[in-house]
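Quick note, the sequences are listed as chains A and B, same order.
The opening position of the first sequence corresponds to residue 1 in the numbering used here, with each subsequent residue numbered one higher.
The opening position of the second sequence corresponds to residue 1001 in the numbering used here, with each subsequent residue numbered one higher.
Some hints here could point you the wrong way.
Derived EDC-like pairs: lysine to aspartate or glutamate, alpha-carbon spacing no greater than 20 angstroms straight-line [stated by the list, open to error]:
(1) K421/A / E488/A
(2) K80/A / E1356/B
(3) K1047/B / E495/A
(4) K1053/B / E68/A
(5) K1132/B / E1161/B
(6) K1323/B / D1297/B
(7) K1149/B / E1080/B
(8) K365/A / D334/A
(9) K124/A / E1325/B
(10) K1150/B / D326/A
(11) K103/A / E71/A
(12) K1298/B / E502/A
(13) K123/A / E1356/B
(14) K1230/B / E502/A
(15) K124/A / D1336/B
(16) K1230/B / E68/A
(17) K123/A / E1377/B
(18) K1047/B / E68/A
(19) K1314/B / E1356/B
(20) K124/A / E1080/B
(21) K80/A / E1246/B
(22) K1150/B / D1288/B
(23) K1053/B / E426/A
(24) K80/A / D483/A
(25) K1047/B / D345/A
Simulated from the structure, these hints should not be mistaken for laboratory data.
The lines below spell out each chain.
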Amino acid sequence: MKKKSPLLKILGSIVLLAAGIFLGKTFFGQKSVDTVPMPSTIKYRNVGLTKDTTRVASNQGFNGKIIEVKEGASIQEAVKEANPGDLIRVYPGNYSENVYIDKDDISLQGVVINGEWPTLDGKKEINDAFLYSGNGILIENFKIINYKGNGVMGQAGNNFVIRNNWIIDTGVYGIFPQYGINGLIEHNVLSEIEDAAIYVGMCDNVDVLHNEVFDNVAGIEIENSRHCLVENNYAHDNTGGLLAFITPGLPIKTTFDVIFRNNFVVNNNHENFGAPGSTVAGVPAGTGILIMAADDVIIENNIITGNNNTGITIVDLATGAPRANDPSSEGNPDRVVILDNIMFDNGNDPTGEIKTIMLTQMDSKGPDIFAFGGGTGSTIRDKNRYRTFGLDGYGTAQISDTKDIPTMMTPSPVPPRSVSKEELGELTYYGVCAGCHAFGTRLIGPPTEILQAIHHNNPQGMVDYINNPKNLREEYPEMPPQDYLSDEAKMAVAEYILALKE
Amino acid sequence: MKKNSIIKSSLYGVTLFLMLLVLYSGKVSSSYTPIPLLNCNCPPGFKLNTDNKCISKNLYNQYAVRNNAGVGGLKSALPEIRDGFTPQEIDLGRYLFFDPVLSADQTISCATCHDPNKGFSDGLAVSQGIDKHKLKRGAPTLWNVGYLKKLFWDGRALTLEEQMQGPLFSEEEMGNTPENLIKTINDIENYRKLFAEAFVDRNKNAPIELNEILKAITAFQSSLVSLNSKYDQYAHGFHGALNQNEIEGLNVFRSFVARCAECHTPPLFTNQQFAVIGTPEPDGLPLDPGAEVPFNDKTLRGAFKVPSLRNIEKTAPYMHSGKFETLRETVQFYTDGRGHAVPEGEDLLIHWHIWEPNLTDYELDRLVDFLGTLTDESFTPKVPAQLPSGLKASI
Chain A
1 MKKKSPLLKI LGSIVLLAAG IFLGKTFFGQ KSVDTVPMPS TIKYRNVGLT
51 KDTTRVASNQ GFNGKIIEVK EGASIQEAVK EANPGDLIRV YPGNYSENVY
101 IDKDDISLQG VVINGEWPTL DGKKEINDAF LYSGNGILIE NFKIINYKGN
151 GVMGQAGNNF VIRNNWIIDT GVYGIFPQYG INGLIEHNVL SEIEDAAIYV
201 GMCDNVDVLH NEVFDNVAGI EIENSRHCLV ENNYAHDNTG GLLAFITPGL
251 PIKTTFDVIF RNNFVVNNNH ENFGAPGSTV AGVPAGTGIL IMAADDVIIE
301 NNIITGNNNT GITIVDLATG APRANDPSSE GNPDRVVILD NIMFDNGNDP
351 TGEIKTIMLT QMDSKGPDIF AFGGGTGSTI RDKNRYRTFG LDGYGTAQIS
401 DTKDIPTMMT PSPVPPRSVS KEELGELTYY GVCAGCHAFG TRLIGPPTEI
451 LQAIHHNNPQ GMVDYINNPK NLREEYPEMP PQDYLSDEAK MAVAEYILAL
501 KE
Chain B
1001 MKKNSIIKSS LYGVTLFLML LVLYSGKVSS SYTPIPLLNC NCPPGFKLNT
1051 DNKCISKNLY NQYAVRNNAG VGGLKSALPE IRDGFTPQEI DLGRYLFFDP
1101 VLSADQTISC ATCHDPNKGF SDGLAVSQGI DKHKLKRGAP TLWNVGYLKK
1151 LFWDGRALTL EEQMQGPLFS EEEMGNTPEN LIKTINDIEN YRKLFAEAFV
1201 DRNKNAPIEL NEILKAITAF QSSLVSLNSK YDQYAHGFHG ALNQNEIEGL
1251 NVFRSFVARC AECHTPPLFT NQQFAVIGTP EPDGLPLDPG AEVPFNDKTL
1301 RGAFKVPSLR NIEKTAPYMH SGKFETLRET VQFYTDGRGH AVPEGEDLLI
1351 HWHIWEPNLT DYELDRLVDF LGTLTDESFT PKVPAQLPSG LKASI
């Protein structure tokens, strides 16, 4: 049989066509990626000086180099190479790693091409995708999936921006800044997180804007934090949508000055899949907004619908977390302000205690707003329009809106350091050098006055010695190099020692 | 070498001249002044101010204080320390600390259970008091104790002065009484001189008071500062201080899977809160109710103060009653399941951070590597060669 069958002919031509398209795309279809925009940094608008919020007083520019990371390379290696001010650009591809950033002012920008994202895949083996402790960290445009701990976790970094990330099932939290001051979390999409998708923990001055959170246990949680604005977010199909909490037993004890404004809080009826023992494991499915023990929370202009337990729940710690006890946490939600909100279709299928309590009211539905336990000074603008329980003590709100508060972020960056060069020298001398050197007495090394005599008027000579000690004196042991000190600290301490008088 | 010896000899000359000058000016001044017996310099880590007080100084002071709790990440400020003692108070406290004359039978000093050669602990699972009394808990380290706001494993004391009266006057520990301690110290002429030198604001011949004894020991204990470990070098920005294994350990430590750093929070490696973690007691010991007893609070059953991890490598065995011999066994505990060691019939409120992180053996090994980077004993004080009581320093 030499003659080809028509079927084979057709198949052959299809294969040829496909190959042609593939080759054509490969050679002619590649997008030019030299138009990647620079990431925008935090804009400081001098809030309080002017209401003109379009006027930018200052923002940080990029003065460093751009380091490119392409598939097959490691983001962490780029971080190691980077200096403060640098921008790391990560191109599409799979990156299975834990990236830690213990430096200041590093920006990481994913580059999305043709819908292909740079993807950090933890494969359910790696703990965290991004861990940072530095100030001025920016992380944007990453897809982060399948980690065990967090998508992005910060420990005490200030002035952070976490933006445009697409985060799916990264374990306990999606985005979790802790102990940070002044931050912006915006335009992220997060789902399938077993605690809070966005968890602002023990922070101050954080804006959480324009995020979509769904299929998580908690959507957005403001916990033991102050001065936070949660605005324009879409929180749907979580167990609980938006939460403002005090968790007892943490070293920072308060939550106050929080605004929930212009959010969609819709159909938060997901079954609770939180870890046993976690605070959110006690959040009933069907919770729109939950205020527990937090003070001065303002709820304004949200659309809160379809949450089957309640639209808004306001409880004290004794009610919300009765098993935890911390005498140094004040457990009552005080001065909560409820302004205008759209609320309907909430409480269709109440559960637990709220169901029991509502049945005593001859009501099988949960209320739009439910308050229980202690707390004073809370107010509401138009109590009549909602179905409420426990709001008898609520007076009329003294404000009608919060339009004077465009942001909770600080008017200028939190400064990284609080000491002068002379102070740094002093801290280094007493904190490090004084173990071996002192005036007038021999400790392990020569007395300070001898150091002064050797390096008289020559701080650089002392810095050189600190970096690379030579054993100058037989009667003393050789000094270990102190090259771990920063260049700044070395020069500061050299100058300090040379100027020191007994 | 020649240049050095010239400098040296010229310095000796200058020093000799200065000494003569001091002696001479001493002669012309009218009244007799006793020779100082106590160190008039602050210990390392402290700067003498113009009021003759020692003020704490270290590289963590360069970071802005953002919360009074002193918790955060690598470059975060410490909590407030107890400082402002005079060098003389601190040095007097050092003598008292090592002096067994403080105990009823003059065999036990503070240093017996807080031995500088054993990380200011004693290497025992539970400490041993007077007449070989076996106590219920292990001796916590005293490194960085000046930063702590709660003392004892169960947090029942708020100040060091309050705390030390526990062991001093417990029948099972040092067995003393306030009356007997005051009498003993007042009967020792050397101590009368030293207290007169350290407490200048009172009549030189007035009897030594209990609060002066407590203050001096507090001053010494608060001077025990350990903040120059390899970890600290890394934290201040020298990334070469830790090797690859240790950095991996740090990342496990602070990840939200292991969650160590959530309670053992840098820079002190404790958040100073209570936690119920449900560790097992050594064989034969019943569950220690911990903070439940002093606070009369059922929710604190089995709760202990989160201990600092600084110099942890030096203070085996671990946990409040020394159940674990090694750091490796200790870190293993945290991945063996929430509440796995809680005795039957106990309903403890296990802390929410105790969960099932499923750490691998590799990760546990790296955690131990990292914990070893928290060691720094560069400011260890000297054990006095001679004690004012004439007794031998007991450690």
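Earlier hints that do not hold, by number: As far as the earlier hints go, 2, 4, 5, 6, 8, 9, 11, 12, 14, 16, 17, 18, 19, 20, 25 are violated by this structure, in ascending order.
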